[in-house]
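Take the sequences, apply the hints, and build the full model.
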Amino acid sequence: MKMEKLAKVGVAKVPAAYHPFMGRGLEKLDLFHEEIADLAATLQDVVKLGGTDSEKKSAKLIKQLRAFEPSITMIGQIKSGKTSLVNAMIGRPDLLPADVNPWTSVVTSLHLNAALPGDAPTATFQFFNKDEWDHLIENGGRIGELSARAGADEEMEKIRLQIAEMRDKTKRRLGRKFELLLGQKHNYAEISDALVQRYVCMGDDFDDLDAADQQGRFADITKSADLYLAAPAIPIPLCLRDTPGVNDTFMMREQITINALRDSRICVVVLSAHQALSSMDMGLIRLISNVKSRDVVIFVNRIDELANPAEQVPEIRDSILQTLIANNGPETPQLIFGSAYWANIALGDNLETIVADSAEAMFNWAEASLSAQTAGMGTKELVWHLSGLPDLFRAIAARITEGPGAEVLTAARKRALNLAGGVRASASIVSMRLDGDTVAVMPHDQLVQRLDSIAQRRIAQINDRLDIVFQQFGSRIDQSHKRFLDRALESLLQHLENRGEDEVWQYSPDGLRILLRTSYQVMRRNATAACDVVFAAASEDLSETYRAAFGVAVENFKITPPAAPDIPAPVTLGQTIALDLQTSWWKGWWKRRKGYRAFASGFYDLIEAETAPIIAELKDRQTMDIRAMAERELREFLDEQRGLLTDISEKSSLHLDDLKDIFGITAQQERAEIFDYIIDELTAQTRIAPQGPEK
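Residue numbers (the UniProt record's numbering): 1 to 695.
Calculated from the structure, these hints are not laboratory results. Please note that a few of the clues may not be correct.
Unchecked claim - Simulated crosslink set (BS3-like; lysine-lysine; CA at most 30 Å straight-line): (1) K79 / K56; (2) K223 / K130; (3) K558 / K56; (4) K380 / K60; (5) K292 / K223; (6) K292 / K28; (7) K63 / K558; (8) K594 / K558; (9) K28 / K63; (10) K169 / K79.
Stated by the list, open to error - Restraint-style ranges between C-beta atoms, simulated for each label pair: (11) A59 / D30: 22 to 28 Å; (12) R262 / K63: 23 to 29 Å; (13) R262 / L351: 37 to 43 Å; (14) R635 / A37: 25 to 31 Å; (15) T518 / H19: 43 to 49 Å; (16) F363 / K171: 49 to 55 Å; (17) E315 / R635: 53 to 59 Å; (18) T518 / E55: 45 to 51 Å; (19) K171 / A628: 47 to 53 Å; (20) A37 / L351: 35 to 41 Å; (21) A366 / E315: 16 to 22 Å; (22) V533 / K594: 42 to 48 Å; (23) A537 / E315: 54 to 60 Å.
A virtual CB, placed ideally from N, CA and C, is assigned to each residue, including glycine.
Given below as structure tokens:
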């Protein structure tokens with residue numbers, strides 16, 4: 001879709017606040033940035049040694065390195081101050097609307113420091129498509145499905161009334177354009193507060209529906225927002241995903257948040273110091289329970305609103321940890337306490353605007369948390385320190401550099417090592433020809449045929465091995481599913497026999513989630529092992545092909561296999577099902593049943609139907625995605641090596657004068673020493689691949 005005219009919304013550039021203290025906590029990302037720069041420089045050296053034919057491959061790898069954009073998904077309670085925290089993290093205190101109407105279900109992805117083509121939009125807003133809208137409006141979303149399945153007519157009527165209100169407001173806002181907008185995308189060249197609020201923040205009802213700057217005009221139907229911003233304090237590209245709260249009437253936010261978590265390795269959970277964690281937050285706990293503990297950071301916000309943070313924070317910490325333990329939450333998560341309000345005050349022009357009670361809380365917290373390390377800080381820097389932002393950045397930086405960042409660097413070094421090895425093999429052939437030796441070269445057609453055979457055999461092998469892994473996984477989770485249903489039904493019957501129908505029976509589905517999560521972890525290990533075996537076999541095939549194709553034995557030459565793809569966490573296990581709703585909804589279901597048979601058959605059918613989509617998601621979608629990632633990684637590896645081999649094959653048949661022109665450097669001994677240095681350096685760096693512990 002073409003860019004929207006900027007004049008329609010009065011777009012102006014939004015400056016980012018920048019102070020040197022905003023870099024505190026980001027030191028590991030600075031080092032990571034330097035490592036990327038060093039690897040890019042090494043690749044440039046390979047280009048100089050290999051000439052123009054290796055330049056494209058090196059340039060592509062350098063571009064991929066610099067485009068690495070780790071993502072952090074922010075989830076949390078409604079009104080926890082999550083959006084204010086995101087605004088502070090990017091140095092734009094007023095960019096995202098913090099006071100969002102509970103209807104709003106927009107995931108806002110802030111792409112920081114991303115390299116964009118000159119004509120690319122810096123703001124993109126995607127609307128729900130017609131099927132998604134109809135699912136909500138006609139079926140009531142997830143809660144509508146559940147209520148209809150359980151015959152909960154009273155709940156369905158409430159949902160219909162709420163949906164009708166939502167639909168009417170939307171049509172009043174958008175008029176006849178409404179149907180045409182579904183499924184569309186709006187792009188803008190620049191970003192402003194007013195523009196963001198127009199799509200993300202739900203405003204009040206307006207009499208003048210044609211006002212161009214109307215707040216929240218499209219918020220009802222906006223599904224996602226992608227904003228591209230500069231963040232001078234952050235040394236690398238980064239994506240922050242601000243999600244809606246997870247507790248809403250239609251469970252629409254829950255599914256949207258689950259989808260966002262699929263695309264991120266790091267999750268920041270934002271809680272309010274006033275709310276901590278309670279039974280109202282079980283949906284939140286279920287979501288983070290299925291992410292690796294190391295990848296979860298909990299930020300307890302709004303300590304500025306506590307009367308005595310120094311005394312209350314330890315109590316809140318203990319309460320949160322106890323709640324997580326009692327509900328199978330992440331083990332030993334990192335908890336950080338702070339205040340987005342203080343952070344945004346530190347970014348502003350005038351510290352005197354701080355609310356009096358908040359200032360008192362800050363002094364109280366300062367007495368408990370400041371140390372000798374903060375002795376030389378200016379006032380604004382002290383406020384920033386007390387806000388908890390440096391600790392949050394430090395936690396995020398550690399998880400990036402030890403997790404996805406380490407994996408990206410290791411994979412890039414392996415590819416660089418293979419590129420350098422290929423260029424060195426090519427140089428060996430050139431050296432032999434310059435010295436007058438005869439080089440026996442495999443005919444081009446025969447080489448291509450051999451490479452085709454390797455690709456066909458190894459791709460078939462990875463699929464065969466994954467077939468076995470996924471078949472075992474499917475059988476295991478099917479058995480776990482059936483055992484859970486059988487045990488739950490037996491528990492229900494015992495309850496009816498011992499306590500009768502008047503007392504509501506409760507049964508937690510956490511046991512099923514634990515069984516499924518364990519099965520998934522086994523599958524993840526087996527799938528990774530299958531990839532490692534096949535990738536290693538493919539690299540050995542290619543190493544042998546180099547030797548056979550050119551009859552040249554390059555010292556210490558071998559092809560390094562790529563790493564197995566990172567398999568995403570099973571976040572779909574956090575989805576709410578009927579047994580999680582031990583509230584008036586479940587009590588209503590219970591009261592509508594009469595007789596043991598009705599309870600037993602109704603329960604079994606309901607829970608089987610509720611859990612079947614989760615089982616299908618794991619067995620079908622997750623395994624399909626894993627297979628696609630594994631096959632893509634293998635194909636890219638094979639294609640890259642094919643290019644190197646065919647390049648060498650072509651060079652081996654060129655005239656000697658052409659070889660000198662291609663390679664430039666003719667001092668072969670000097671070149672060999674440089675190659676040895678580069679390959680030794682890359683090999684040593686590739687061995688360093690720190691990983692965070694898995695839950």
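Here is how each hint holds up against the structure:
Taken as a hint, the K79 and K56 pair is broken in the structure, with Cα atoms around 50 Å apart against an allowance of 30 Å. Taking the CA atoms of K223 and K130, the gap is about 12 Å. The hint holds against a cut of 30 Å. Simply put, K558 and K56 have alpha-carbon atoms about 22 Å apart, close enough for the 30 Å limit, and the pair holds. Distance check on the hinted pair: K380 and K60 sit about 42 Å apart at the alpha-carbon level, beyond 30 Å; violated.
A hinted pair counts as satisfied when its Cα atoms are at most 30 Å apart, and K292 with K223 qualifies at roughly 27 Å. At roughly 21 Å between alpha-carbon atoms, K292 and K28 fall within 30 Å of each other, so this suggested pair holds. Between K63 and K558 the CA atoms are separated by roughly 25 Å; this keeps the pair inside 30 Å, and the hint holds. Between K594 and K558 the CA atoms are separated by roughly 72 Å; this puts the pair beyond 30 Å, and the hint is violated.
Under the criterion of a C-alpha separation no larger than 30 Å, the hint pairing K28 with K63 is consistent with the structure, at around 21 Å. For the hint pairing K169 with K79, the CA-to-CA distance comes to about 23 Å; that is within 30 Å, so the pair holds. Look at A59 against D30: about 25 Å separates their beta carbons, and that is inside 22 to 28 Å. In this structure the hint that R262 and K63 lie 23 to 29 Å apart at CB holds, the actual value being about 25 Å.
A hinted range of 37 to 43 Å for the beta carbons of R262 and L351 is consistent with their spacing of about 41 Å. Range check, R635 to A37: about 29 Å between beta-carbon atoms, so the 25 to 31 Å window is met. A beta carbon spacing of about 47 Å between T518 and H19 agrees with the range 43 to 49 Å that was offered as a hint. F363 and K171 have their C-beta atoms about 52 Å apart, which keeps the hinted 49 to 55 Å range intact.
Remark: the range hint 53 to 59 Å for E315 to R635 is upheld by a beta-carbon distance near 55 Å. In this structure, T518 and E55 meet the distance hint of 45 to 51 Å, their C-beta atoms being roughly 48 Å apart. As the Cβ distance of K171 to A628 is approximately 40 Å, the hint placing it in 47 to 53 Å is violated. In this structure the supplied range 35 to 41 Å holds for A37 paired with L351, their Cβ-Cβ distance being about 37 Å.
At about 19 Å, the CB distance of A366 to E315 agrees with the hint of 16 to 22 Å. Distance hint check for V533 and K594: the Cβ-Cβ separation is about 58 Å, which falls outside the suggested range of 42 to 48 Å. Against the hinted window of 54 to 60 Å, the Cβ-Cβ separation of A537 and E315 comes to about 57 Å, which satisfies the hint.
Against the hints set out earlier in the document, violations occur for numbers 1, 4, 8, 19, 22.
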